[in-house]
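Trainee: Residue strings, one per chain:
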Amino acid sequence: MSAPSGPAHRSVANIRSPTSANPGAPASPHTPLRNISSAFGSPSSLRAEEDTVILELGSRYLRAGFAGDAVPKAIIDFGPEEQRRAGDYSRWELGYKRERREEKSWGETHELWRPDLRGLDLGLVGDKIDRAVRDAFTKYLLIDSRPRRMSLVLPSALPLPLLSAVLNTLFTNFQPPTISLMSAPVLSTVAAGLRSALIVDVGWAETVVTGVYEFREVQCTRSVRATKLFGEAMFRLLADDLDPTRSEKESSEKNVGTKKNTLPTLEECEEIASRMAWCKPGKYVETRKLSRGLTPVKEEDELKVSMRSLNVSGDPDAGSMVSIPLSSTNPPQSVLLPFSKLAEPCETALFATGTSAEDLDDEELPLHLLVYRSLLHLPVDVRSICMSRIVFVGGGTLIPGLRKRVLDEVANLIDEQKWDPVRGKAVDQYRSNPKLQRTKPRQPGPTEILEAQGVMETPIPSAALVEQEHDPIEEQLKKEAAKGKPLAEFGHLRAVDSLGAWSGGSLLSQLKVPAISMVEREQWLQHGAAGASKATDINVVAAHRQSMGPGAFKSGDRSSFTLGLWG
Amino acid sequence: MASFTPYTYFQCPCTDTSTPTRNLGDEQPPETEENSDDERTFDPRAPRSNYSLYPLEHLFYCEDCHQIRCPRCVLDEIVTWYCPNCLFEVPSSTVKSEGNRCTRSCFQCPICVAPLSVSSLEAPPEGLGAELASQQNGPFVLNCAYCMWSSKETGIQFEKPNGIFAQLAKIKNGGEPILTAKDRRKDREERKRDFSGSSAAEESQENEAPINLDPNERLDPESQFSNLKAFYQTQMAESSPVSALGFTGDYGYGSPGALSRIMGLYTGGSYADKKSKTKSGTMREARDALEGLQIDPLSDEDAINKLRTEGWESTASAEQRHEQTTHTPFLSDLRPVAYLLRTKRSKRCKTCRHILSKPESKVQTTRFRIRLVALNYIPSIIIKPLQPILPTASPLLAPLNPVQFLLTFKNPLFDSVKVTLATPAKTPGRFPTKVTVLCPQFEVGANTDVWDEALRDNNTKSSLSGEKRRTKAEASEGQHQAEAGKVWERGRNWVSVVVEVVPPSLRIEDSEWLKSEEMKRDGGEVRDGEEVVEIPVFVRVEWEGEVGGEDSGLGGGGKDKEVREKRELAYWCVLGLGKVDVD
Numbered sequence: 001m002s003a004p005s006g007p008a009h010r011s012v013a014n015i016r017s018p019t020s021a022n023p024g025a026p027a028s029p030h031t032p033l034r035n036i037s038s039a040f041g042s043p044s045s046l047r048a049e050e051d052t053v054i055l056e057l058g059s060r061y062l063r064a065g066f067a068g069d070a071v072p073k074a075i076i077d078f079g080p081e082e083q084r085r086a087g088d089y090s091r092w093e094l095g096y097k098r099e100r101r102e103e104k105s106w107g108e109t110h111e112l113w114r115p116d117l118r119g120l121d122l123g124l125v126g127d128k129i130d131r132a133v134r135d136a137f138t139k140y141l142l143i144d145s146r147p148r149r150m151s152l153v154l155p156s157a158l159p160l161p162l163l164s165a166v167l168n169t170l171f172t173n174f175q176p177p178t179i180s181l182m183s184a185p186v187l188s189t190v191a192a193g194l195r196s197a198l199i200v201d202v203g204w205a206e207t208v209v210t211g212v213y214e215f216r217e218v219q220c221t222r223s224v225r226a227t228k229l230f231g232e233a234m235f236r237l238l239a240d241d242l243d244p245t246r247s248e249k250e251s252s253e254k255n256v257g258t259k260k261n262t263l264p265t266l267e268e269c270e271e272i273a274s275r276m277a278w279c280k281p282g283k284y285v286e287t288r289k290l291s292r293g294l295t296p297v298k299e300e301d302e303l304k305v306s307m308r309s310l311n312v313s314g315d316p317d318a319g320s321m322v323s324i325p326l327s328s329t330n331p332p333q334s335v336l337l338p339f340s341k342l343a344e345p346c347e348t349a350l351f352a353t354g355t356s357a358e359d360l361d362d363e364e365l366p367l368h369l370l371v372y373r374s375l376l377h378l379p380v381d382v383r384s385i386c387m388s389r390i391v392f393v394g395g396g397t398l399i400p401g402l403r404k405r406v407l408d409e410v411a412n413l414i415d416e417q418k419w420d421p422v423r424g425k426a427v428d429q430y431r432s433n434p435k436l437q438r439t440k441p442r443q444p445g446p447t448e449i450l451e452a453q454g455v456m457e458t459p460i461p462s463a464a465l466v467e468q469e470h471d472p473i474e475e476q477l478k479k480e481a482a483k484g485k486p487l488a489e490f491g492h493l494r495a496v497d498s499l500g501a502w503s504g505g506s507l508l509s510q511l512k513v514p515a516i517s518m519v520e521r522e523q524w525l526q527h528g529a530a531g532a533s534k535a536t537d538i539n540v541v542a543a544h545r546q547s548m549g550p551g552a553f554k555s556g557d558r559s560s561f562t563l564g565l566w567g
Numbered sequence: 001m002a003s004f005t006p007y008t009y010f011q012c013p014c015t016d017t018s019t020p021t022r023n024l025g026d027e028q029p030p031e032t033e034e035n036s037d038d039e040r041t042f043d044p045r046a047p048r049s050n051y052s053l054y055p056l057e058h059l060f061y062c063e064d065c066h067q068i069r070c071p072r073c074v075l076d077e078i079v080t081w082y083c084p085n086c087l088f089e090v091p092s093s094t095v096k097s098e099g100n101r102c103t104r105s106c107f108q109c110p111i112c113v114a115p116l117s118v119s120s121l122e123a124p125p126e127g128l129g130a131e132l133a134s135q136q137n138g139p140f141v142l143n144c145a146y147c148m149w150s151s152k153e154t155g156i157q158f159e160k161p162n163g164i165f166a167q168l169a170k171i172k173n174g175g176e177p178i179l180t181a182k183d184r185r186k187d188r189e190e191r192k193r194d195f196s197g198s199s200a201a202e203e204s205q206e207n208e209a210p211i212n213l214d215p216n217e218r219l220d221p222e223s224q225f226s227n228l229k230a231f232y233q234t235q236m237a238e239s240s241p242v243s244a245l246g247f248t249g250d251y252g253y254g255s256p257g258a259l260s261r262i263m264g265l266y267t268g269g270s271y272a273d274k275k276s277k278t279k280s281g282t283m284r285e286a287r288d289a290l291e292g293l294q295i296d297p298l299s300d301e302d303a304i305n306k307l308r309t310e311g312w313e314s315t316a317s318a319e320q321r322h323e324q325t326t327h328t329p330f331l332s333d334l335r336p337v338a339y340l341l342r343t344k345r346s347k348r349c350k351t352c353r354h355i356l357s358k359p360e361s362k363v364q365t366t367r368f369r370i371r372l373v374a375l376n377y378i379p380s381i382i383i384k385p386l387q388p389i390l391p392t393a394s395p396l397l398a399p400l401n402p403v404q405f406l407l408t409f410k411n412p413l414f415d416s417v418k419v420t421l422a423t424p425a426k427t428p429g430r431f432p433t434k435v436t437v438l439c440p441q442f443e444v445g446a447n448t449d450v451w452d453e454a455l456r457d458n459n460t461k462s463s464l465s466g467e468k469r470r471t472k473a474e475a476s477e478g479q480h481q482a483e484a485g486k487v488w489e490r491g492r493n494w495v496s497v498v499v500e501v502v503p504p505s506l507r508i509e510d511s512e513w514l515k516s517e518e519m520k521r522d523g524g525e526v527r528d529g530e531e532v533v534e535i536p537v538f539v540r541v542e543w544e545g546e547v548g549g550e551d552s553g554l555g556g557g558g559k560d561k562e563v564r565e566k567r568e569l570a571y572w573c574v575l576g577l578g579k580v581d582v583d
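As you go down the protein sequences, you meet chains G and Z in turn.
Be aware that the first sequence starts at 1, since it is given in the UniProt record's numbering, and climbs by one per residue.
Be aware that the second sequence starts at 1, since it is given in the UniProt record's numbering, and climbs by one per residue.
Be a bit skeptical, because a hint or two may be false.
Below, computed lysine-lysine pairings styled on DSSO-like, alpha-carbon distance capped at 30 Å [what the hints assert, rightly or not]: (1) G/K280 - Z/K306; (2) Z/K306 - G/K341; (3) G/K139 - Z/K229; (4) Z/K362 - G/K139; (5) G/K512 - G/K418; (6) Z/K434 - Z/K410; (7) Z/K426 - Z/K410; (8) G/K139 - Z/K350; (9) Z/K186 - G/K139; (10) G/K139 - Z/K170; (11) G/K104 - Z/K579; (12) G/K104 - Z/K426; (13) Z/K306 - G/K283; (14) Z/K186 - Z/K172.
Sample of chain Z residues lacking proximity to chain G, with all beta carbon distances greater than 12 Å (derived) [what the hints assert, rightly or not]: (15) T41; (16) A46; (17) G174; (18) L228; (19) L386; (20) I389; (21) L390; (22) T392; (23) K418.
Just so you know, the hints here were simulated from the structure itself, not pulled from any lab data.
Every residue, glycine too, gets a C-beta built ideally from N, C-alpha and C.
Could you build all of it, start to finish, from the sequences and the hints given here?
Mentor: See below:
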């Protein structure tokens with residue numbers, strides 16, 4: 001970023017040197033200069049041709065790298081330390097301390113954007129992206145500012161104003177000829193080697209569960225229980241430990257200013273959260289049926305035994321103590337916490353233990369409930385495919401034990417509630433009591449006739465619960481169709497590892513799979529977001545059908561562009 | 001943090017043209033938007049201003065556009081890539097294949113960031129003939145001289161003292177060998193041959209015994225990625241339509257499907273036929289680790305147990321993790337970090353494409369061939385308090401107490417410049433500072449040769465005292481007052497003027513009439529950075545320069561012949577004067 005001219009080169013001799021840096025600008029340097037420059041520029045043009053830069057934007061981090069890399073070369077955060085003025089090196093000073101900042105909400109100064117766009121300065125978002133991308137290019141990717149194609153990996157529900165700001169920044173400041181837009185959940189699916197999956201993305205502001213079927217997003221549910229809440233819960237845990245009376249004080253009066261330096265900073269809380277936090281295994285581990293076919297029974301039993309011996313699932317008092325040094329508090333100190341307590345933020349923030357299911361808002365479902373509900377809302381066929389392809393991505397899933405916990409809880413929910421969306425006391429009573437069913441208001445039509453025929457003894461189950469009728473022809477057809485194909489896993493819970501959305505983007509770009517939404521620079525600068533036609537207007541049906549094949553290439557009528565999902 | 005060094009920042013004029021600030025959902029547009037851009041006061045505390053302000057040393061000056069250029073409005077070109085540790089110049093063709101890292105033996109310590117050195121585990125030979133024993137014997141390890149970390153701690157040892165990068169790529173933490181990408185590729189090819197049923201069995205027996213890869217093994221991201229890539233490539237080749245030749249452009253010929261078709265054209269179609277028979281309509285999913293599928297074992301119990309037993313000290317910090325490419329929760333997972341390469345870059349003006357800066361391509365030299373830095377074109381500003389601060393006094397500014405500062409403008413040009421300063425009477429923000437520039441217009445002398453001056457003044461005084469000579473009448477008096485409209489001090493190519501500021505009171509609970517309008521709207525606590533007195537100053541510089549390009553004369557001579565051209569440069573500056581005492 002910074003100019004290469006350090007103070008060492010600013011000698012008087014250079015200023016005065018009449019041949020090179022004379023402000024009178026003599027004619028002689030000009031002509032040879034251009035020649036030299038074009039000559040020395042040539043080798044890197046070779047590089048530029050093949051490189052597509054993949055950028056993934058999230059609310060906390062930018063990931064950047066070349067197509068074909070397995071992992072991003074640069075991961076750059078948008079924290080306040082990165083947002084200083086150029087040439088402000090105070091953070092490298094000896095004895096510099098990150099001070100705790102007053103924020104409206106937890107981690108606000110660390111975000112690139114927030115889901116609530118009201119009052120968000122889009123210009124600032126553009127500035128942040130510009131600096132981060134520039135940083136990534138110069139420091140990690142080591143590329144010059146030659147125009148090169150970009151692929152942008154974006155969350156699938158990015159608001160149009162934000163997308164517009166992002167594209168504006170990239171097009172005006174970096175001059176890429178084209179930018180391809182790709183959606184993160186689909187790429188996560190690709191990077192897992194799957195065609196369909198249930199992507200559970202425990203991100204910063206929200207956890208998004210996306211059902212992807214045959215490379216298409218079919219459903220998306222979200223909850224605010226994500227890393228942001230988790231970090232805040234960790235902060236509260238530490239703050240309460242440092243000052244047990246804090247919560248009372250805060251409720252009675254607002255005297256945060258005086259206590260500013262006694263509490264740990266966000267950075268430190270996040271560090272502790274990423275280093276020491278863990279997730280308790282579900283309560284149902286012992287009783288749960290072993291439904292995952294791939295883990296050998298013996299191994300799991302061994303694990304259970306070892307866990308029991310170490311009291312992982314035992315009572316909290318028996319846990320060992322962990323000492324955590326805090327350096328951001330004044331004075332620095334270390335807190336001694338029972339190990340089991342470090343699992344509490346995860347419990348309260350992500351699984352909402354202690355809150356009854358009735359009290360939960362629609363937007364703050366705990367993770368397991370969110371996964372279960374989104375599976376429930378999927379059509380049966382899609383559900384059976386997706387439930388054995390659950391992919392965990394996002395920073396929150398790195399908490400040890402979290403993924404297993406979610407799956408265990410979901411398995412338990414399935415055991416308890418089956419796939420029945422109707423719940424409640426009345427329904428339970430209704431089901432358990434056949435009399436109630438009989439006394440339901442009579443409806444004209446087939447029911448009446450059936451009852452009249454005297455099928456009174458057995459209650460009629462609802463149509464959804466009836467076993468499907470056996471159809472030999474259908475079965476034969478299916479068998480025939482499945483002949484060439486390998487058997488697909490379905491119908492049981494299984495988690496699959498993904499390399500992540502960035503790697504998926506890198507993979508697809510290297511395989512030269514064109515994205516549905518490819519924005520050209522000229523068109524964008526001319527029309528902006530208004531110039532985009534709706535995805536349905538453009539004949540991309542073929543591309544949709546075959547988004548992995550070269551067929552997608554043909555269908556794109558490049559005279560107009562679409563923002564695809566985001567338009 | 002009690003001390004405070006005054007600073008100046010310059011705003012690059014390119015900022016105005018980029019995306020305008022727009023707040024979504026604002027009830028009414030701010031009134032300032034109605035005014036024209038010239039009248040808008042630049043607010044140094046606005047969050048966006050951090051991105052457009054630069055120290056003078058970071059800026060360039062384009063001689064053709066006659067404009068300041070900041071890092072955002074220049075284009076980079078890379079001159080060389082080199083390793084900052086061994087200063088080896090890496091050819092551009094291999095930079096990317098090496099992953100932008102040094103592939104010799106340059107490594108950074110994963111614990112601290114100090115460079116690692118290779119050392120032998122055996123004790124150096126002693127006694128008679130120790131000097132003759134030229135080579136130490138292995139095994140070798142990487143050692144950190146700063147924190148005493150050694151790669152032995154993670155179970156990594158090397159056989160040879162050189163080519164560590166290649167050796168490290170074959171060893172896991174703990175000493176187990178890693179299957180290289182080459183081995184995996186070989187294995188894939190063999191499997192492909194098996195599937196296609198060609199008679200390649202004899203061939204494979206000729207080679208070394210094929211490695212049997214476990215279909216359920218845990219892959220690292222690199223190999224999972226390469227497996228996935230190979231899998232998708234074969235799938236795409238199989239599922240692509242037969243009419244692959246119909247495509248234009250490199251998509252058609254680049255795709256393996258088209259290749260197979262082309263090959264089938266002349267071999268009687270047998271190749272293509274065989275393919276089409278086995279072809280299934282759609283791509284299938286990856287089935288095992290060899291195709292890149294990784295079933296999540298969900299076995300985090302080990303990690304939790306390790307956390308419990310070994311505690312905080314065994315985990316890697318956020319900074320340490322950031323350096324690693326994979327997820328490394330524990331110290332034992334960390335691997336030595338190969339040095340990232342660095343670049344030497346030349347810069348061009350974005351609008352006219354003229355070179356602004358070009359370093360010598362040799363890594364070791366720090367010289368520049370071209371260096372049009374703004375420092376040589378724009379008057380620099382130095383700030384110091386007018387009354388020297390006593391060492392016993394507090395360095396903080398007293399609220400509501402007028403303080404005078406001396407701004408010294410130093411002209412680097414060979415022509416004298418006219419400087420006009422403009423400041424808002426009150427700085428924007430919740431705690432406005434009152435500012436008065438006592439002498440907003442003045443001329444700064446040309447940066448002529450120091451020796452000219454010295455020779456001219458030769459018969460009167462020494463050059464140094466001549467420079468220091470005050471032009472003001474009050475110079476003879478011991479204690480003098482700053483006077484409005486007059487320059488404080490003047491030298492050969494510099495001028496000092498006085499600016500008077502009244503720092504604000506940072507007390508929230510001030511009486512109502514003292515509060516500014518912003519304060520009434522937003523009466524929150526004092527935020528980070530609000531105690532610093534920063535003054536936006538609009539600087540306009542005018543001078544008569546030579547017409548660029550055609551003349552060859554230097555700054556000094558032949559003035560009468562040349563065509564003079566009036567130049568003008570205007571920009572915002574931010575002067576950081578000091579911190580206000582909060583109490």
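Trainee: None of the hints should be skipped; say for each whether it holds.
Mentor: Here is how each hint holds up against the structure:
1. G/K280 - Z/K306: holds, 14 Å
2. Z/K306 - G/K341: Roughly 16 Å separates the two Cα atoms, so the pair holds.
3. G/K139 - Z/K229: Status holds; Cα separation ~27 Å.
4. Z/K362 - G/K139: Within the cut-off at roughly 20 Å; holds.
5. G/K512 - G/K418: violated, 43 Å
6. Z/K434 - Z/K410: With a Cα-Cα distance of about 25 Å, the restraint between Z/K434 and Z/K410 holds, given a limit of 30 Å.
7. Z/K426 - Z/K410: holds, 26 Å
8. G/K139 - Z/K350: holds, 20 Å
9. Z/K186 - G/K139: Violated. Z/K186 to G/K139 sits at ~35 Å, over the 30 Å cutoff.
10. G/K139 - Z/K170: Cα-Cα ~27 Å, so holds.
11. G/K104 - Z/K579: Satisfied, since the Cα-Cα distance of roughly 25 Å is no more than 30 Å.
12. G/K104 - Z/K426: Satisfied, since the Cα-Cα distance of roughly 28 Å is no more than 30 Å.
13. Z/K306 - G/K283: This hinted pair holds, its Cα atoms lying about 21 Å apart.
14. Z/K186 - Z/K172: The hint holds at about 21 Å.
15. T41: holds, 17 Å
16. A46: At about 9 Å from chain G, Z/A46 fails to clear the 12 Å cut-off, so the statement is violated.
17. G174: Z/G174 clear of chain G: closest Cβ-Cβ about 20 Å, beyond 12 Å.
18. L228: Z/L228 is in fact no farther than 12 Å from some Cβ atom of chain G, at 5 Å.
19. L386: It holds; Z/L386 is separated from chain G by about 26 Å at its closest Cβ, greater than 12 Å.
20. I389: holds, 21 Å
21. L390: Non-interface label on Z/L390 holds, nearest chain G Cβ at 25 Å vs cutoff 12 Å.
22. T392: Check passes; 23 Å lies beyond 12 Å.
23. K418: holds, 16 Å
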